[in-house]
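In order, the protein sequences belong to chains A and B.
Per the UniProt record's numbering, the first sequence starts with residue 1, numbered consecutively.
Per the UniProt record's numbering, the second sequence starts with residue 1, numbered consecutively.
Worth flagging that the hints you see were computed from the coordinates, not collected in a lab.
Careful: at least some of the hints might be erroneous.
No copy labels: a pair is met if it fits in one copy or bridges any two.
With a cut-off of at most 27 Å between alpha-carbon atoms, the simulated DSS-like pairs for lysine-lysine come out as follows [to be verified]:
1) 225 / 103
2) 243 / 103
3) 304 / 113
4) 13 / 209
5) 217 / 286
6) 13 / 77
7) 217 / 13
8) 113 / 243
Just so you know, these numbers come straight off a predicted model, no measurement behind them.
Here is how the chains run, residue by residue.
2 protein chains.
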Amino acid sequence: MEDVRQYMQSIGKQARAASRLMAQADTNAKNSALLAIADAILHSSATLITENGKDVAAAKANGLDAASVDRLTLAEKTISGMAEGLRQIAQLADPIGEISDMKYRPSGIQVGKMRVPLGVIGIIYESRPNVTADAAGLCLKSGNACILRGGSEALHSNQAIAACVRAGLKAAGLPETAVQVVNTTDRAAVGELITMTAYVDVIVPRGGKELIERISKEARIPVIKHLHGVCHVYIDDDADIAKAIRIADNAKTHRYGVCNAMETLLVNANVAAKVLPELCKIYLDKGVELRGDDASRKLVPQMKAATEEDWHTEYLAPILSIRVVADLDAAIAHIDTYGSQHTDSIVTENYTKAMRFLREVDSSSVMVNASTRFADGFEYGLGAEIGISTDKIHARGPVGLEGLTSQKYIVLGNGQIRV
Amino acid sequence: MEDVRQYMQSIGKQARAASRLMAQADTNAKNSALLAIADAILHSSATLITENGKDVAAAKANGLDAASVDRLTLAEKTISGMAEGLRQIAQLADPIGEISDMKYRPSGIQVGKMRVPLGVIGIIYESRPNVTADAAGLCLKSGNACILRGGSEALHSNQAIAACVRAGLKAAGLPETAVQVVNTTDRAAVGELITMTAYVDVIVPRGGKELIERISKEARIPVIKHLHGVCHVYIDDDADIAKAIRIADNAKTHRYGVCNAMETLLVNANVAAKVLPELCKIYLDKGVELRGDDASRKLVPQMKAATEEDWHTEYLAPILSIRVVADLDAAIAHIDTYGSQHTDSIVTENYTKAMRFLREVDSSSVMVNASTRFADGFEYGLGAEIGISTDKIHARGPVGLEGLTSQKYIVLGNGQIRV
Numbered sequence: 001m002e003d004v005r006q007y008m009q010s011i012g013k014q015a016r017a018a019s020r021l022m023a024q025a026d027t028n029a030k031n032s033a034l035l036a037i038a039d040a041i042l043h044s045s046a047t048l049i050t051e052n053g054k055d056v057a058a059a060k061a062n063g064l065d066a067a068s069v070d071r072l073t074l075a076e077k078t079i080s081g082m083a084e085g086l087r088q089i090a091q092l093a094d095p096i097g098e099i100s101d102m103k104y105r106p107s108g109i110q111v112g113k114m115r116v117p118l119g120v121i122g123i124i125y126e127s128r129p130n131v132t133a134d135a136a137g138l139c140l141k142s143g144n145a146c147i148l149r150g151g152s153e154a155l156h157s158n159q160a161i162a163a164c165v166r167a168g169l170k171a172a173g174l175p176e177t178a179v180q181v182v183n184t185t186d187r188a189a190v191g192e193l194i195t196m197t198a199y200v201d202v203i204v205p206r207g208g209k210e211l212i213e214r215i216s217k218e219a220r221i222p223v224i225k226h227l228h229g230v231c232h233v234y235i236d237d238d239a240d241i242a243k244a245i246r247i248a249d250n251a252k253t254h255r256y257g258v259c260n261a262m263e264t265l266l267v268n269a270n271v272a273a274k275v276l277p278e279l280c281k282i283y284l285d286k287g288v289e290l291r292g293d294d295a296s297r298k299l300v301p302q303m304k305a306a307t308e309e310d311w312h313t314e315y316l317a318p319i320l321s322i323r324v325v326a327d328l329d330a331a332i333a334h335i336d337t338y339g340s341q342h343t344d345s346i347v348t349e350n351y352t353k354a355m356r357f358l359r360e361v362d363s364s365s366v367m368v369n370a371s372t373r374f375a376d377g378f379e380y381g382l383g384a385e386i387g388i389s390t391d392k393i394h395a396r397g398p399v400g401l402e403g404l405t406s407q408k409y410i411v412l413g414n415g416q417i418r419v
Numbered sequence: 001m002e003d004v005r006q007y008m009q010s011i012g013k014q015a016r017a018a019s020r021l022m023a024q025a026d027t028n029a030k031n032s033a034l035l036a037i038a039d040a041i042l043h044s045s046a047t048l049i050t051e052n053g054k055d056v057a058a059a060k061a062n063g064l065d066a067a068s069v070d071r072l073t074l075a076e077k078t079i080s081g082m083a084e085g086l087r088q089i090a091q092l093a094d095p096i097g098e099i100s101d102m103k104y105r106p107s108g109i110q111v112g113k114m115r116v117p118l119g120v121i122g123i124i125y126e127s128r129p130n131v132t133a134d135a136a137g138l139c140l141k142s143g144n145a146c147i148l149r150g151g152s153e154a155l156h157s158n159q160a161i162a163a164c165v166r167a168g169l170k171a172a173g174l175p176e177t178a179v180q181v182v183n184t185t186d187r188a189a190v191g192e193l194i195t196m197t198a199y200v201d202v203i204v205p206r207g208g209k210e211l212i213e214r215i216s217k218e219a220r221i222p223v224i225k226h227l228h229g230v231c232h233v234y235i236d237d238d239a240d241i242a243k244a245i246r247i248a249d250n251a252k253t254h255r256y257g258v259c260n261a262m263e264t265l266l267v268n269a270n271v272a273a274k275v276l277p278e279l280c281k282i283y284l285d286k287g288v289e290l291r292g293d294d295a296s297r298k299l300v301p302q303m304k305a306a307t308e309e310d311w312h313t314e315y316l317a318p319i320l321s322i323r324v325v326a327d328l329d330a331a332i333a334h335i336d337t338y339g340s341q342h343t344d345s346i347v348t349e350n351y352t353k354a355m356r357f358l359r360e361v362d363s364s365s366v367m368v369n370a371s372t373r374f375a376d377g378f379e380y381g382l383g384a385e386i387g388i389s390t391d392k393i394h395a396r397g398p399v400g401l402e403g404l405t406s407q408k409y410i411v412l413g414n415g416q417i418r419v
């Protein structure tokens, strides 16, 4: 335990020192490093697969479920995907040093803002080893140092990827300690990482709700977090029904296990009879289990009865809860009560109701006539994302490079003093 | 204790409910409330002075020091200043609902951001009762509800101001519970306020370092904080000496007890002999105690020897530490080691050194050829400030209306789904 503490403190100290160099690194050095890491990953693909094989074998021996083993496995395609992701990050504009809003003040000084890195970012994630490359790339491009703590079941894979990252940093003349992957499965390492206020500026946990809740509770460092996604689509009585059915189908069935999938469908009572039978046929044909309120079940008898618990639930599975609501106010009230401030969408052709929904729904992404599945860094044009924040402080929604930065004020004077 | 807990929970619940109404309030209603509060304060000036008199008498009886009694006292001028401050906030642009960066994506959706209130803001402050009006005004204009917890020595004054705020909110048709001033001196109220995660979105502590450290440590809610201001001026060897002397004089002597006053002066060795004797004469004439390193003391024998402790110290008093440094790197290294990431200024005519200082000094305000005293919401054109943040997450530097808001993503579609 004391060893782990010392180990983490030493990682923290090195990360802090590296962060100062990374903050000054120019765009070319950062991009060179990203491309060099991508190359190293491709050239090491045999090693990566061998090391990953150890993790996969151990996971199977330990009886890890098939889905988790699948997430853990590095195939050739995952490996080339990591390299491709890093090359895409190299192509993004460098956010650091960006100066904005420079304005002259009556005193004669000119005041504005300069974008700067946050410093040291601690990222805690679960089984997917490709997160190691993604997170390293985003932190590097945004001028931050990072400490990555992957799942213990992926230790060999993550260390093999870490070696590629170090090689790339070195090749570009950047400090190898700018990206450090914690090399211990001791859980005490996490406890230390989230309380090293002197060395870590922000924690980004990626994983299940339990992991994130525990980290948020115990961290002494600000956490950019995404708790859960209970996303809604509200089909208004002024909806274009064809759009409504297309969007509600896509929001639920495009992918089930993702945070931006719809979990509850709200339908205006005036159009429920027009919408639900046709839409629910699609769901039932795709094997989606439906749980509805009384009004919905009258229209679609195959539905089970939804419980209070259902409205709160992020299924991450082919299950959908459905409720008929009287009007826009009832829809917003439902989202306010049961939602998770992640992503909610209204389908309507009515201007005033669309504007009200946009303004009044307090979620990180609010949409009109679009599938909730669009709530994603790539879809939004951020280039990549480190996660989706359901917090309100600092970053909200998909967090890309800019979410890993801060802005300081800069003042340009010519000898001005306060009078 | 249990009573205080219930009392605070009930305040929290009401604040949360009010925050939803405030988020929808239009600009006109918010401005009307601000003007009505200003009127109520002016009309109640006799009552305010009477109530304040109770606090002042108690403070004197309790042996509070003269400076604290001074800060506590509401004179006619302080009262008209509060009203004027509220009118100025009414004139500021409404940040809420601002839509920015709307861009079409290849999928056909249009994505951008909408500025929204944070929700419920808890503000904990010490003796100055005028903070009650300022903080209420800023929270109101930014569409937030707030819970204000002033110093126990100002309880009568704060409650009298709170009555004016409620009257103004009521006159404008806004919920009176949008601004609640905690009406108990029980310290348990603070402990409750900073841990009511369900009802409070952010805590802003204003006061001494001890208060802020305690709150940061115990809060379970994000804190926008300003720990201390160890601000530096670095006089480079390419400085215009006249500007350097004017700025270094102003930064230290314009006001002593403020966070943006210079506490340590760094002078390049090549110009120390040209700068220090003349500048130190000004300081000594104004009664500033000087504490220097050996090199400075050789030039100005009246200086005491500075200790390691001095470089870390925010004097908030007519005391200045002075150090001669070899070059820009040494100046930046000193600031990095001893500074508080608040405000630092370089005096130089050299372009490259100015740019390096701006980029490399990691403080909330970094200046060239200007007095550190400009680090202030009014001077920066924010209109007013709730405080100065030395954090990196969310808001950095002077925090005005925008620092009390967040941005959500909005997506405008026309039936788009993800493929």
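Q: If the cutoff is 27 Å on CA atoms, where do residue 13 and residue 77 land: within, between, both or neither? Let me know, please.
A: neither (36 Å within a copy, 51 Å between copies)
Q. Which holds for residue 243 with residue 103 at a C-alpha limit of 27 Å: within a copy, between copies, both or neither?
A. between (45 Å within a copy, 22 Å between copies)
Q | Alpha-carbon proximity context of residue 113 and residue 243, limit 27 Å | A | Answer is between; shortest inter-copy Cα gap is 24 Å, intra-copy 42 Å.
Q.
Treating 27 Å as the Cα threshold, decide for residue 217 and residue 13: within, between, both or neither.
A. both (24 Å within a copy, 22 Å between copies)
Q: State whether the alpha carbon distance between residue 13 and residue 209 is at most 27 Å within one copy, between copies, both, or neither.
A: Answer is between; shortest inter-copy Cα gap is 25 Å, intra-copy 30 Å.
**Q.** Within, between, both or neither, where residue 225 and residue 103 count as close if Cα-Cα is 27 Å or less
**A.** This pair counts as between: shortest inter-copy Cα distance 26 Å, intra-copy 34 Å.
Q | Within, between, both or neither: residue 304, residue 113 at alpha-carbon 27 Å | A | neither (55 Å within a copy, 38 Å between copies)
Q. When no copy is specified for residue 217 and residue 286, does a C-alpha distance of 27 Å or less occur within a copy, between copies, both, or neither?
A. neither (39 Å within a copy, 51 Å between copies)
Violated hints, in rising order: 3, 5, 6; the structure is consistent with all others.
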